[in-house]
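There are 2 protein chains.
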Amino acid sequence: MATRTHRTQQERSEQTREALLDATIECLVSLGYARTTVQEICARAGVSRGAQQHHFTTKAELMTAALQHLFGRLITQVTASAKELPPGPERISHGIDLLWEAYSGTLSTAAVELWVAARTDAELRESLRPVDRALGHATLSLYREAAGDLPEAEVETLLLLSVNLVRGLALDAMMGGDEARRVRLLEEWKATVLERYLAFTG
Amino acid sequence: MATRTHRTQQERSEQTREALLDATIECLVSLGYARTTVQEICARAGVSRGAQQHHFTTKAELMTAALQHLFGRLITQVTASAKELPPGPERISHGIDLLWEAYSGTLSTAAVELWVAARTDAELRESLRPVDRALGHATLSLYREAAGDLPEAEVETLLLLSVNLVRGLALDAMMGGDEARRVRLLEEWKATVLERYLAFTG
Chain P
1 MATRTHRTQQ
11 ERSEQTREAL
21 LDATIECLVS
31 LGYARTTVQE
41 ICARAGVSRG
51 AQQHHFTTKA
61 ELMTAALQHL
71 FGRLITQVTA
81 SAKELPPGPE
91 RISHGIDLLW
101 EAYSGTLSTA
111 AVELWVAART
121 DAELRESLRP
131 VDRALGHATL
141 SLYREAAGDL
151 PEAEVETLLL
161 LSVNLVRGLA
171 LDAMMGGDEA
181 RRVRLLEEWK
191 ATVLERYLAF
201 TG
Chain W
1 MATRTHRTQQ
11 ERSEQTREAL
21 LDATIECLVS
31 LGYARTTVQE
41 ICARAGVSRG
51 AQQHHFTTKA
61 ELMTAALQHL
71 FGRLITQVTA
81 SAKELPPGPE
91 RISHGIDLLW
101 EAYSGTLSTA
111 AVELWVAART
121 DAELRESLRP
131 VDRALGHATL
141 SLYREAAGDL
151 PEAEVETLLL
161 LSVNLVRGLA
171 LDAMMGGDEA
181 RRVRLLEEWK
191 ATVLERYLAF
201 TG
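Chains as they are written, first to last, in full-length UniProt numbering: chain P, 1 to 202; chain W, 1 to 202.
Pulled out of the complex, with its shape left as it was, chain P reads as follows (with noise of 0.2 Å):
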């Protein structure tokens, strides 16, 4: 039986900007920042030079959809994982493994080199700050809704302190240092977060 596929033509551009993205990140994983061309990206999707630039007008512009393309994944994923932690204490070890596992695969790589990229890029730098924003905002306040009883004030400040930590640890891993190691400090880490949960709710 053949199977026919009708398209429109929104779909169709929807999955031509679906391919360039998906090939952005895929360039920033394996190439880094400073190799990634617009060319390579649109060879890679089979995207024509003209159907990308009716989707984006800049390498800035394309880099930023990119990231919050992978975000976009990333954090419907989160949150359906975050609906399943289990209750009490428990669920502080669960959501620092949630934060390692968002920060030490594809979307970390990525956004490490974008980060690292602006820093000497004012218009990525300026192009990406605004995603970046919400990118934090959006953990924060899923962590805030899944943390239970401690106070809104506590909360933010474990997740920041765990959110800049892996963000070292995925530098760490990104520099090929000692996974055992890093497996080690998380469980350490988890075990002082674990400590101030129960001095607060007793």
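Since the hints were made in silico from the structure, they are not lab data.
Predicted model, so just to flag it, every value in this text is computed and none were measured.
Treat the hints with care, since some could be wrong.
For identical chains, the list gives no copy identity; a pair is met inside one copy or between any two copies.
[To be verified] No farther apart than 20 Å at their CA atoms in a straight line, the calculated lysine to aspartate or glutamate pairs in the DMTMM-like style are these: (1) K59 to E126; (2) K59 to E154; (3) K190 to E18; (4) K190 to E156; (5) K83 to E18; (6) K83 to D97; (7) K190 to E154; (8) K83 to E101; (9) K59 to E26.
Guided by the hints, dock chain W onto chain P, whose structure is given.
Coordinates of chain W only, in the frame set by chain P:
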């Protein structure tokens, strides 16, 4: 009275080397790794390509030597400051400040540029790895010495957590994150470490 400076061949060679390494760091900080070329480094150092090639054969070699150079200067400075740390629990807070100063300045910016570039550049990665490891060991033994009463394993864990947190915060600073928030998180972290210290030492 006229002052005459006699420079031996060796002194001149040492000065050329230093000028090249300083220019390399300057380029990494102001241009980023990707836009740093050996030509630009030579121009800023006022050194001919011939003289440069006498000292360093490849870009990776130049980068590694520059990181080593910067790190040498930093470890001298931190060793001196560590000797003046106050006794007792107060040294914890000062020790974390020292770490933050070390990681939030030029070293960190240059190092992050190199680490990120090394992820997608095998030659640079191989060249940086031993320097990186030496840097880690020197910092650890410095802190072990400064930590006084704490057991060794505990010092190592707290130092590594601090280093990774500070690295994450350095990335946050590079991305233009809120400075007041970073200061607050560092204070929170100091309080956490102090609590562990007091639990151990009574």
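A quick look at each hint next to the structure:
1. K59 to E126: For K59 and E126, only the intra-copy Cα distance (13 Å) is at most 20 Å; the inter-copy one is 31 Å.
2. K59 to E154: neither (39 Å within a copy, 47 Å between copies)
3. K190 to E18: Neither way: K190 and E18 sit 37 Å apart in one copy and 44 Å across, limit 20 Å.
4. K190 to E156: The answer is both: 16 Å in one copy and 17 Å across copies each meet 20 Å.
5. K83 to E18: Classified as neither: same-chain Cα gap 27 Å, cross-chain 57 Å, threshold 20 Å.
6. K83 to D97: Close inside one copy (14 Å), not across copies (38 Å); limit 20 Å.
7. K190 to E154: both (15 Å within a copy, 15 Å between copies)
8. K83 to E101: Only inside one copy: K83 and E101 sit 16 Å apart there, 40 Å across copies, limit 20 Å.
9. K59 to E26: Within one copy, since 15 Å is at most 20 Å while 26 Å is not.
Going down the numbered hints, you'll see the structure goes against 2, 3 and 5, while the others check out.
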